[in-house]
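Novice: Place chain X on chain A using the hints.
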Amino acid sequence: MLHKRMSRMDYFVEAILIFIGIIICICILYPILNIVAISLSADGPVLRNEVRLLPRGFTLKAYEEVIVNNGVLRALGNSIFISLVGCVCSVAATYFAAYPIACCEFPGKKIYNVFVLIPMWFQGGMIPAYICVQKLGLINSYWALILTALISSYNVLILSSFLRGIPKELLESARMDGASELRVMFQVVAPLAKASFATIALWVVAGHWNAYFGPLLYLTDSSKFTLQQVLREIVLEANALQYDLGTVRPGQPSVNLADQIRYAVLVVSMVPMLAVYPFVQKYFVKGVTLGAVKG
Amino acid sequence: MKGREKVPRIPQKNLWKRIWRAKYIYLMILPVIVWFLLFQYWPMTWLSIAFFDYDLYQGLSGSVFVGLKNFVKFFTGLDFWRLIRNVLLMNLYALAVGFPMPIIFALFLNEFRTRKVKKFVQTVSFLPHFISMVAFVTIVTEFLSPSTGVLAQIFRFFGKEPIFFLGKAKYFRSIMVFSGVWQEMGYSAIIYLSALTAIDVNLYEAAMADGANRWKRLIHITLPGIMPTVVVMFILRVGSLINANFEKIFLFQNSMNLEVSEVIQTWVYKRGMIKYDYSLATAAGLFNGVVALVLVIMANRFSKRYSDSAGIW
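Going down the list, the protein sequences come from chains A and X. Quick note: the first sequence uses our numbering, first residue 1, plus one each step. Quick note: the second sequence uses our numbering, first residue 1001, plus one each step.
Chain A on its own, in the form it takes in the complex (with noise of 0.2 Å):
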């Protein structure tokens, strides 16, 4: 049907599609790069409110003030540590809780996949998981978020289901072969489920840099803070006016300054899932459909 020649009346609607795609590109993008176009701004366009698509009086001077404030430079550190490490940590273990559940033969495997599916379900919830994270001590440490997030039992539903289309031939030549489980689940099977790993990942690293809520019940001490949290602290703070970052010197419009320093935080912290996401896109299409006929 795609190539079918093309009426002039087909031209027409497409031209209607094409117009009101703009629109929505425009709907979706003018937030976000009028927020990038004000941190790049100077003081004065921003405060006359000139700013709009195009930073005005180019400056990086918000940038510099970020990179010089140890607070917001130590948040970035904390959210890079922990998004990365819970992110290995949680593909491995989410492969190790898939990999039996869709590999293997073993008696009491149907009672384990029970065990691992029931807390997709129901959960103990806010206050006890926080008592349970205080009991193992893990208050202000990053593993606290780590842990809690380790394994999702969504996400091994999502990995096991596609390891299932994975053609057992293979695996039992490989152990005919001789090879030790771990073996084929690392040299054999682990190749083919690339795709499903960079979904599963792009989710974790998400949920981990993105996330406000676990930081706030875990984290209280303000060096642990990750990015979010520093984030919310400054937009809180200058809301009510009061965040000295980079102000208090004299002859400058203060308010201001912090007002793009605000969105230069903003601007950092939205960047890094911005840029990854284009190339880790047509996995977690992929991903995504699979989740929604599976689950």
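Calculated from the structure, these hints are not laboratory results. Keep in mind that the hints are not guaranteed to be accurate.
[To be verified] Distance condition first, Cα-Cα at most 16 Å in a straight line; then the derived EDC-like pairs of lysine to aspartate or glutamate:
1. Lys168/A / Glu105/A
2. Lys1017/X / Glu105/A
3. Lys1116/X / Glu14/A
[Said to hold, decoys possible] Incomplete in silico selection of chain X near chain A, CB under 8 Å:
4. Leu1015
5. Ile1025
6. Val1117
7. Phe1130
8. Ile1131
9. Ala1135
10. Glu1142
11. Trp1182
12. Met1273
13. Tyr1278
14. Leu1286
Every residue, glycine too, gets a C-beta built ideally from N, C-alpha and C.
Specialist: For chain X alone, kept in the frame of chain A given last:
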């Protein structure tokens, strides 16, 4: 799951042999089981504090068993019906507006003949999904700001006085719902787009041979083609209703919209983590969890009845 052959019953002796043969597999899943016990099942046992008057310093052994007192307190409390009303109204509104939008968007994308434009629009539409909730709420707040926001400028352009949207409780639900469309429309459309690609191309060609125009093809082929997916997604959405958007609500909440923005989970957080009333908060949380479970089970029943392939389990 279906079509699995019936496994013949295996004598006991053989079972031990099989268990022994699978010892490495057990070793492999042992850490997984330990993790699940520690971080999923252990918290579930702590739900029992809903039946106690939990003492923060004495622990569970030093707490008094009070039976259903906390539940009675929660159900008869002044907040209960307000919470239920807020959860219901907010989610029904979100369902009415937020559910059809991705479908319409997917149909819209599907009509594109120029692949590159379609791809571009789609990629852009995913973007907001990857913005963190904190950043998202900041952007929306900025967008709606009565002094510098874009909406305020549009209002001024038409000679109207800008409104402080976030400061008025009556706008809260609309802000939640429409910002949700901005954030999730593209991402939610993925599933419908993949359902669209599964429609048999021959159907379209046959319809075109019969002289059906674009609109007729959309109504008679495309829509029926994705209908099963739509129904299943709708059921699943209803199933996850009670827990929807907690972080977003929490971040948008302020003293001016508390009357309409307080939902069960934000209430649990305040009771438990700020007022340290663990038992009452856990009772409310348990209620929330049970309702969510019932909804999911019901949703799954319905979606199974509707299409035999797409149950959750």
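Novice: All hints are to be evaluated individually against the structure, with a verdict given for each.
Specialist: Hints, one by one, checked against the model:
{"no.": "1", "hint": "Lys168/A / Glu105/A", "in the structure": "11 Å, holds"}
{"no.": "2", "hint": "Lys1017/X / Glu105/A", "in the structure": "13 Å, holds"}
{"no.": "3", "hint": "Lys1116/X / Glu14/A", "in the structure": "13 Å, holds"}
{"no.": "4", "hint": "Leu1015", "in the structure": "6 Å, holds"}
{"no.": "5", "hint": "Ile1025", "in the structure": "5 Å, holds"}
{"no.": "6", "hint": "Val1117", "in the structure": "6 Å, holds"}
{"no.": "7", "hint": "Phe1130", "in the structure": "4 Å, holds"}
{"no.": "8", "hint": "Ile1131", "in the structure": "5 Å, holds"}
{"no.": "9", "hint": "Ala1135", "in the structure": "5 Å, holds"}
{"no.": "10", "hint": "Glu1142", "in the structure": "7 Å, holds"}
{"no.": "11", "hint": "Trp1182", "in the structure": "7 Å, holds"}
{"no.": "12", "hint": "Met1273", "in the structure": "7 Å, holds"}
{"no.": "13", "hint": "Tyr1278", "in the structure": "5 Å, holds"}
{"no.": "14", "hint": "Leu1286", "in the structure": "7 Å, holds"}
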